[in-house]
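J.: Sequence:
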Amino acid sequence: MGAPFEFGFVLDYLVKLMPAINITLVIVASSIVLGLGIGFVVALPQLYNIPVLKRLSQIYLSFFRGTPVLIQLFLFYYGLPEMLKLVAIDAAKVPALYFVILTYALHSGAFMAEMIRAAVASVDRGQVEAAYSVGMSGRQAFVRIVLPQALATALPVFANLVIANLKDTSLAFTIGIMELTGKSQTLAVMSRHFLETYIALAMIYFLISFVLEKLFLLLERRLQRRGLAAI
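Heads up, the sequence shown is in the numbering used here, so the first residue is 1 and it goes up one at a time.
Warning: the hint list may mix true and false statements.
With a straight-line Cα cutoff of 30 angstroms, these simulated DSS-like cross-link-like pairs (lysine-lysine) come out [as the list claims (entries may be wrong)]:
no.	residue 1	residue 2
1	LYS214	LYS16
2	LYS167	LYS214
3	LYS93	LYS214
4	LYS167	LYS16
5	LYS16	LYS93
Hints are computed from structural coordinates only; laboratory data are not their basis.
Please model the entire structure based on the sequences and the hints provided.
T.: Structure, rendered in structure tokens:
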């Protein structure tokens, strides 16, 4: 049983959890940036229908979209060092944070790939052909016609992925990363004020998500205006 509820601990823990926000945001930012790169590479075989690579990308997508991120985290943290030993690489001293970022990047990359594929496919092919007819090159047509509209289409999905990634980082504490949830676990066990700790934690996640949501909404409106201007 925990200690009796005291609201003062909620405010106290809000302050104590603030330093852990840095680790959480590092995981989110790093994995999203890497995930975008991975997603772009994985989406290309889907867009251009490259036989062998398309099949490999489908296997990748099926695995990372079809298994829980917690299981992926354990597989990479415990399994990757063992596999690297087979080629005489010792990863025992690699910080756990790197495995967390790699896992979340690969996990996000699968969803990013589908986002990119769907966004590009949503642009009317007739607009591209019209761009070619007035003398635009393939690159010019993509940058001026396809990209603005694809970005506007993809941004709501991207925003959801970023916020989902933020919430998924709460699982990183399972392998010893002292991000927000890991820090809250420590505080709760030491003080026995579990409810106060989790209320403070929920408030921080909510505030970060709220700010991100508003920023993406502003960006979405701006991109929509640019997309309409490009038509």
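J.: Tell me, in ascending order, the numbers of any earlier hints that this structure violates.
T.: Per hint list: single violation, 3.
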